[in-house]
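A.B. asks: These are the residues of each chain, in order.
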Amino acid sequence: MSETDQEQNSTDDQAAVEAVDPSSPSPMYQSFLRRVRSRRKLILLTQFILVGLFFALWEIAPRYHWVNPVLTSYPSAIWATFLELLADTDNNIMTHTWVTVQETIVGFTLSMILGVGTAILLWWWDFLYRVVDPFMVVANALPKIALVPIFYIWLGDVASIYAMAVAIAVFITILMVYSGFRETDPNKVKLVRTLGANKHQILRKVVLPSNVPVMVAALKINVGLALVGVIVGEFQAAKAGLGHLIIYGSQVFQMTLVMTSISMLAIISTIMYLAIMYLENTVMRHHS
Amino acid sequence: MATQTPKVELRDIDLRYFTLEGETEALREFSLSVSPGEFVAIVGQSGCGKSTLLSLVAGILEPTDGDVLVNGAPVEGPSPLCGYMLQQDHLFEWRSILDNVVLGAEIQGLNRGDAIERAKTLLRGYGLGEFMDHFPHQLSGGMRQRAALARTLCTDPEILLLDEPFSALDFQTRLALSDEVSEILRREGKTVILVTHDISEAVSMADKVIVMTKRPGRVKAVHDIVFKETENGRPRPFEARSLEEFRNYFDQIWSELDIHVGN
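Heads up: the sequence lines are chains A and B, in that order.
Residue numbering for the first sequence is -6 to 281, as defined by our numbering.
Residue numbering for the second sequence is 10 to 272, as defined by our numbering.
Among the clues, some could well be false.
[Unchecked claim] With the Cβ distance kept under 10 Å, some of the chain A side facing chain B (calculated, not the full set): (1) Asp178; (2) Asn180; (3) Ser256.
[Claimed, not checked] DSSO-like mimics (lysine-lysine), calculated; alpha carbons at most 27 Å apart, straight line: (4) Lys183(A) - Lys237(B); (5) Lys229(B) - Lys217(B); (6) Lys237(B) - Lys223(B); (7) Lys183(A) - Lys223(B).
It should be emphasised that the hints constitute simulated quantities derived from the structure, not laboratory data.
The C-beta atom is built at its ideal place from N, Cα and C for all residues, glycine as well.
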């Protein structure tokens, strides 16, 4: 808000100065554009400086023993470890990363399919919704992380990780998508009913397409939650993956290994977030 | 014989809504008969059950008691004979204008190629030929409502149910569009039931105006609207608004509606 206000003010000031000039108003507009652009550049520059300062401080503080390097590690050590792990054949960082990424993709795909499927079922059959509603509330409120040991015992080391990802992500997906379905514009539904649509057509022609934005929003939350589920699952169960690497690193007190894994995690979650943003922009073009 | 059978007939309709809080009587002993090609307007205050009437004719609502007949046959669910136009255009924002217009044909399982041809003809006729591949958000309110009219007419219904179709538009667009729409519907010989709270709109467009009481809705008065014929036949709605008869009808219906302001 305040940002646009300031931009507005800057154009007003500019107008006052240049109003004397009887020629076309384009110089004012150009200077407006210049101000907007230079402001954008300044923001970007400040962000880079902040990142630079963060890494510099992280590097310098342990080296001068302002903090204990065993506890915090430092960027150059992380980079060295990263290169080491990249060359390592049986403990390769890319293999671990891929395991985590692949588990996350399977996790959120499963919980999207299960979540949207269940939401459709509940929308179709109101009686079922009324019956299961209180159970869903309990299931959603329960901290799913508490289930990790049970899943491990029941499902073993591979399936328990997927189960964890799904357990964390699926209930919120059901609740979000179902409430989106319920809030479908009743007039749009009325319209297709007057055109003779049956329930199946109402679902296909109105409810599903009008809820694409809701489903994209659910997917966005899903990806984040599935990643949480996978990491927590790997803490307990896995022989591979970034979660396994983090737990292993902390058990042998190699903070550099832990920090490397966390950095990798930051990178892949950013990439996934950007991918979803891109998807959102593509899909939402006509849903404004 | 065809002229003897009313196009739409409602006989002694009672309608009640039930909720846990209680029951609401929306319509009581409501009867109405509309001849083929007739343009009937129903006016009444908000909440008098006007829109409910259209839902009954459209077959998306069943009366508690009484009969709804279309072409002499009882209504059993939505039928392609009726086209419904709502207050807002409700164009689907994820479909192009052309895809919106063929929606009805798609749902009724009609031949898609024919529907597209018909949709294109209609859109061109309404000055939307260049906007077929546009999306609804790129069109103005008046253009959107014309696209909605094309969507309604694309399945070629015999009866049009208009539920305050102009109320969401600004005043100028509203006048222009009511002219345009009434001309199109008369030219195509459609039977029209228009529901509105706008007395001017009802008097200027319709052959017959039915005034409804407050809830439970009943028929309070029926007016046959007759204007002096011009050389082009019935005056257009816009012209009708400035005629002597218009004011008389308006004043009479206004007094019947029993609207109290600041009471």
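A.B. asks: Against each hint, give a clear statement of whether it holds in the structure.
C.D. replies: Taking the hints in turn, this is what the structure says about them:
1. Asp178: holds (7 Å)
2. Asn180: holds (5 Å)
3. Ser256: Given a least distance of 40 Å, the restraint on Ser256(A) is violated.
4. Lys183(A) - Lys237(B): Status violated; Cα separation ~39 Å.
5. Lys229(B) - Lys217(B): It holds: about 13 Å lies between the C-alpha atoms, which stays within 27 Å.
6. Lys237(B) - Lys223(B): At roughly 32 Å apart (the allowed maximum being 27 Å), Lys223(B) and Lys237(B) break the hint.
7. Lys183(A) - Lys223(B): Answer holds: Lys183(A) to Lys223(B) is near 25 Å, not above 27 Å.
Hint compliance for this structure: hints 3, 4, 6 are not met, and every other hint is.
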